[in-house]
Amino acid sequence: MPAFSNSSWDRRSVLRAAMGLAAAGGLAACGGNNGRGGGSGSGKRLVQYFHAYGEPGTEQAVKRYAKAYREAGVTTQWITGENFESKLFSALLTDNAPDLFEFHPQIQLVRSGQVADLTDLVEPVKDDFNQADIASHTVDGKIYGIRMIDDPQFFFYRKSLFEKAGVDVPTTLDELIEAAAKLTTDKVKGVFLGNELDAVIRPLIWAAGADTLDEKNRIAYHTEGVKEGLVKLRKLFTSGDLLLGAPTDFWDPSALNQGLTAIQWCGMWAMPQMQQALGDDLGIFPFPKVTDAGAPAVYNGGWSMFVNAKGKNVEAAKEYVKWLWIDQKEYQEDWALSYGFHVPPRVSIAESADKLKSGLPAEGVRLFDEYGHFDNIGFTQAMIDAIEDVVADCVRSGGDPEAALDKADGKVERELKKLFG
Amino acid sequence: MSTTATRDPKSPAPATPATPARRRRRLRGSSTFNFWLFTGPFLLGLAIFVYVPIGWSLWLSFFDARFTVTPSEFIGFDNYRYMLTNDDFTGSLVTFTVFAAFIVPTTWAFSLGLALMVNRLRFLRAFFRSVFFLPTAVSYVAAALIWKMSIFSGVRFGLMNTVLGWFGVDDIAWLASPDPPWYWLVLVTVRLWLQAGFFMILFLAALQNIPQELYEAAAIDGAKPGWQTFRHITLPQLRATSTAVILLLLVQAYQAFDEFFNLLSKSTWGRPPLVELYYIALGENQDYGAGSAGAVILTLLICVVTLLQGKFLGFGRGDESK
Numbered sequence: 016m017p018a019f020s021n022s023s024w025d026r027r028s029v030l031r032a033a034m035g036l037a038a039a040g041g042l043a044a045c046g047g048n049n050g051r052g053g054g055s056g057s058g059k060r061l062v063q064y065f066h067a068y069g070e071p072g073t074e075q076a077v078k079r080y081a082k083a084y085r086e087a088g089v090t091t092q093w094i095t096g097e098n099f100e101s102k103l104f105s106a107l108l109t110d111n112a113p114d115l116f117e118f119h120p121q122i123q124l125v126r127s128g129q130v131a132d133l134t135d136l137v138e139p140v141k142d143d144f145n146q147a148d149i150a151s152h153t154v155d156g157k158i159y160g161i162r163m164i165d166d167p168q169f170f171f172y173r174k175s176l177f178e179k180a181g182v183d184v185p186t187t188l189d190e191l192i193e194a195a196a197k198l199t200t201d202k203v204k205g206v207f208l209g210n211e212l213d214a215v216i217r218p219l220i221w222a223a224g225a226d227t228l229d230e231k232n233r234i235a236y237h238t239e240g241v242k243e244g245l246v247k248l249r250k251l252f253t254s255g256d257l258l259l260g261a262p263t264d265f266w267d268p269s270a271l272n273q274g275l276t277a278i279q280w281c282g283m284w285a286m287p288q289m290q291q292a293l294g295d296d297l298g299i300f301p302f303p304k305v306t307d308a309g310a311p312a313v314y315n316g317g318w319s320m321f322v323n324a325k326g327k328n329v330e331a332a333k334e335y336v337k338w339l340w341i342d343q344k345e346y347q348e349d350w351a352l353s354y355g356f357h358v359p360p361r362v363s364i365a366e367s368a369d370k371l372k373s374g375l376p377a378e379g380v381r382l383f384d385e386y387g388h389f390d391n392i393g394f395t396q397a398m399i400d401a402i403e404d405v406v407a408d409c410v411r412s413g414g415d416p417e418a419a420l421d422k423a424d425g426k427v428e429r430e431l432k433k434l435f436g
Numbered sequence: 161m162s163t164t165a166t167r168d169p170k171s172p173a174p175a176t177p178a179t180p181a182r183r184r185r186r187l188r189g190s191s192t193f194n195f196w197l198f199t200g201p202f203l204l205g206l207a208i209f210v211y212v213p214i215g216w217s218l219w220l221s222f223f224d225a226r227f228t229v230t231p232s233e234f235i236g237f238d239n240y241r242y243m244l245t246n247d248d249f250t251g252s253l254v255t256f257t258v259f260a261a262f263i264v265p266t267t268w269a270f271s272l273g274l275a276l277m278v279n280r281l282r283f284l285r286a287f288f289r290s291v292f293f294l295p296t297a298v299s300y301v302a303a304a305l306i307w308k309m310s311i312f313s314g315v316r317f318g319l320m321n322t323v324l325g326w327f328g329v330d331d332i333a334w335l336a337s338p339d340p341p342w343y344w345l346v347l348v349t350v351r352l353w354l355q356a357g358f359f360m361i362l363f364l365a366a367l368q369n370i371p372q373e374l375y376e377a378a379a380i381d382g383a384k385p386g387w388q389t390f391r392h393i394t395l396p397q398l399r400a401t402s403t404a405v406i407l408l409l410l411v412q413a414y415q416a417f418d419e420f421f422n423l424l425s426k427s428t429w430g431r432p433p434l435v436e437l438y439y440i441a442l443g444e445n446q447d448y449g450a451g452s453a454g455a456v457i458l459t460l461l462i463c464v465v466t467l468l469q470g471k472f473l474g475f476g477r478g479d480e481s482k
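Quick note, the sequences are listed as chains V and P, same order. Counting along the first sequence from 1, when you hit position 239 you're at 254 in the working numbering, and nothing is skipped either side. Counting along the second sequence from 1, when you hit position 275 you're at 435 in the working numbering, and nothing is skipped either side.
Wrong hints could be hidden among the right ones.
[Claimed, not checked] List of simulated lysine-lysine pairs, DSS-like, C-alpha gap at most 30 Å:
(1) V:Lys202 to V:Lys325
(2) V:Lys250 to V:Lys197
(3) V:Lys174 to V:Lys102
(4) V:Lys157 to V:Lys372
(5) V:Lys433 to P:Lys471
(6) V:Lys247 to P:Lys426
(7) V:Lys422 to V:Lys141
(8) V:Lys82 to V:Lys174
(9) V:Lys231 to V:Lys370
(10) V:Lys102 to P:Lys426
(11) V:Lys325 to V:Lys344
(12) V:Lys250 to P:Lys426
(13) V:Lys231 to V:Lys433
(14) V:Lys231 to P:Lys384
(15) V:Lys141 to V:Lys426
(16) V:Lys82 to V:Lys337
(17) V:Lys242 to P:Lys384
(18) V:Lys202 to P:Lys426
(19) V:Lys432 to V:Lys102
(20) V:Lys250 to V:Lys102
(21) V:Lys426 to P:Lys384
(22) V:Lys78 to V:Lys325
(23) V:Lys247 to V:Lys333
(24) V:Lys422 to P:Lys471
(25) V:Lys78 to V:Lys337
(26) V:Lys370 to V:Lys141
(27) V:Lys432 to V:Lys78
(28) V:Lys426 to V:Lys325
(29) V:Lys432 to P:Lys426
(30) V:Lys141 to V:Lys157
[Stated by the list, open to error] So the derived label-pair ranges between C-beta atoms look like this:
(31) P:Thr466 to V:Gly425: 46 to 52 Å
(32) P:Val210 to V:Lys202: 52 to 58 Å
(33) V:Ser363 to P:Leu319: 17 to 23 Å
[As the list claims (entries may be wrong)] Chain P is nowhere near these chain V residues, computed Cβ spacing over 10 Å in every case:
(34) Val246
(35) Glu385
(36) Ala397
(37) Ser412
Honestly, the hints are just simulated from the structure, not real lab data. Values in this document were obtained by computation on a predicted structure and should not be read as measured data. Even glycine gets a Cβ: it sits at the ideal position worked out from N, Cα and C.
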């Protein structure tokens, strides 16, 4: 019996000890392993967020630049998956927020005090930037982000398939719909606008002669022309000539490269991969005009670097951003031209970019200059979502365009009221 | 269970009379400690991960909390007003109801059918039991991606489109449009595949607990094997399990998130409440006030539904409910 009770006590003390250890271990883990360190004094630690670029070598490049920086250790979080915005926005509210991150210029980040004023970094080289990029990052005279790359988005098409079907490059949305019908065979669809069609809503608005917001930050997309465009897009959607449910989305060149479609909405970043797969059998054209009053449109998207104003190392992060995205022109050029093709926002780099001087890339730059529309900093993610819902509501579900636009108006007005009063 | 307990009360008897007394004393001496030892970690977790967040969202729901979880601008019931007049949110409750109406009976019938079939097997029973149970171990996200990209892909080489192609049917973009609502087929089949095996195991256990004597007595009384015995013996005997299965299925339908989120991106339809709240609070909108108000409304609804369920189905009332 004593043996039995002893062993029972032993078991208990062992259990207690184990629990104590576990608790202590847990506490220790809470205290130390939060990925920051920072207290060691020598060299600060910074964390930066990047969305996962599709081009091979991009992740290594970002990490290589970071490694070359001597003043601080910079850790890169390469965020995969489709909803970079959500992950970034949520992370910015926590203690594990990145010190610097890439994103698009959006005013709510400024109004909620989440991004730091970078005017003093940009000011000395302001004239060397594309002035549209400066404008799209400026609120009340202060510059809040540094553009890394400009990414024009337009249509890519297979010249050989156009010749075979006897189709010319479309100059109106109606012609695009006709071309799609002629190009569609039992193996190849005419056009690919992405699986959810959300990428073309802004180009459609511009090509219909409207805009997202006007200069006084009022809704400018709710016009007859846009409604007409939505009706036409619905026609294309139901025609059976549109590629839907593809394994990859619009930003990936696979649909065109693998012969699933004859025309694809995509960005200039994918041009090298397309040229590699298709050679000279490749052409580009802007989003064709929707109405007679409209004009062809290209969306000049892109990515910019921002500093988290609520981070613990704002000054160190600003220094790193200045070092890499203002001073290190070699890296900036490498980033814009060595992986995908992007238009360098720095005038001096764009001027010396031989890769963009001839052939199709030069044509891309021409579309960028001639038809491009840049981001409007006042048109925030919630508003972009609202107009993307318009595509879902009326183009994909066949609802009334007027009702869908009214619904978007409600959401956009709510945002505008909060941001601009 | 009760039968086994009454059948062998002899087994603990050989113990000496001293042991129960000592054990009782020791238990009494440290019962408070034992109570906290066993419930403490759980209660701590419950408080930190359930009650604090619920309290926090209740607080947030009365504030204008945009891009912050520590807001300062009190706005009363504005968030509740916004959520209750928000068609997307009220629509999501309809979506949930439709989804539950599809998935609960289908899974119930399908898993019962599987259990009956596996129960009938004379050999390879363990094999089929494992085969049907295995999908339970697959993650919803992984399964949703398989369904989206290989089975229900909209291109000609998607599995379903290939099969349809043999019969000369055109490619269908299963997830592109809500009209016709093919997306429900994708959503229901993925969940059915993931869940049916688990509930089959529950039904199998219940089936094996039905005393064989009942079937023998029925046979003597002239009941025909097949539908008649199933209807009048098997089904009533499975009542307790069926109730539990239906409740579990409803709870899981309420929690539906993963496959909706992954299968229907950028859609305005087919969003159950949790997905809708995710987009309002955590997604691009970052409206924690309105999102919390929606969560509070949803919590109240779930409380009401659970209470009503308890009243009507008698779950948790004990054995008498049979």
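Evaluation of the provided hints:
1. V:Lys202 to V:Lys325: Answer violated: V:Lys202 to V:Lys325 is near 53 Å, above 30 Å.
2. V:Lys250 to V:Lys197: Given that 30 Å is the threshold and the Cα spacing comes to 15 Å, the pair holds.
3. V:Lys174 to V:Lys102: Violated - the C-alpha atoms of V:Lys102 and V:Lys174 are around 40 Å apart, more than 30 Å.
4. V:Lys157 to V:Lys372: violated, 33 Å
5. V:Lys433 to P:Lys471: violated, 45 Å
6. V:Lys247 to P:Lys426: holds, 20 Å
7. V:Lys422 to V:Lys141: Roughly 40 Å between the alpha carbons, so the hint for V:Lys422 and V:Lys141 is violated.
8. V:Lys82 to V:Lys174: Distance of about 43 Å is beyond 30 Å: violated.
9. V:Lys231 to V:Lys370: violated, 39 Å
10. V:Lys102 to P:Lys426: holds, 16 Å
11. V:Lys325 to V:Lys344: Judged against 30 Å, a Cα distance of about 28 Å means the pair holds.
12. V:Lys250 to P:Lys426: holds, 20 Å
13. V:Lys231 to V:Lys433: The hint holds at about 15 Å.
14. V:Lys231 to P:Lys384: violated, 81 Å
15. V:Lys141 to V:Lys426: Violated, because 35 Å separates the two Cα atoms, which is more than 30 Å.
16. V:Lys82 to V:Lys337: holds, 15 Å
17. V:Lys242 to P:Lys384: The hint is violated at about 66 Å.
18. V:Lys202 to P:Lys426: Holds, because 27 Å separates the two Cα atoms, which is no more than 30 Å.
19. V:Lys432 to V:Lys102: holds, 25 Å
20. V:Lys250 to V:Lys102: violated, 35 Å
21. V:Lys426 to P:Lys384: violated, 64 Å
22. V:Lys78 to V:Lys325: holds, 24 Å
23. V:Lys247 to V:Lys333: Roughly 47 Å separates the two Cα atoms, so the pair is violated.
24. V:Lys422 to P:Lys471: violated, 40 Å
25. V:Lys78 to V:Lys337: holds, 17 Å
26. V:Lys370 to V:Lys141: holds, 24 Å
27. V:Lys432 to V:Lys78: This hinted pair is violated, its Cα atoms lying about 41 Å apart.
28. V:Lys426 to V:Lys325: Measuring from Cα to Cα gives roughly 28 Å; hence the hint holds.
29. V:Lys432 to P:Lys426: Measuring from Cα to Cα gives roughly 25 Å; hence the hint holds.
30. V:Lys141 to V:Lys157: Given pair V:Lys141, V:Lys157 holds - Cα atoms ~12 Å apart, limit 30 Å.
31. P:Thr466 to V:Gly425: 46 to 52 Å: violated, 34 Å
32. P:Val210 to V:Lys202: 52 to 58 Å: holds, 54 Å
33. V:Ser363 to P:Leu319: 17 to 23 Å: violated, 53 Å
34. Val246: Fine: 16 Å to the nearest Cβ keeps V:Val246 off the interface.
35. Glu385: holds, 30 Å
36. Ala397: violated, 5 Å
37. Ser412: violated, 5 Å
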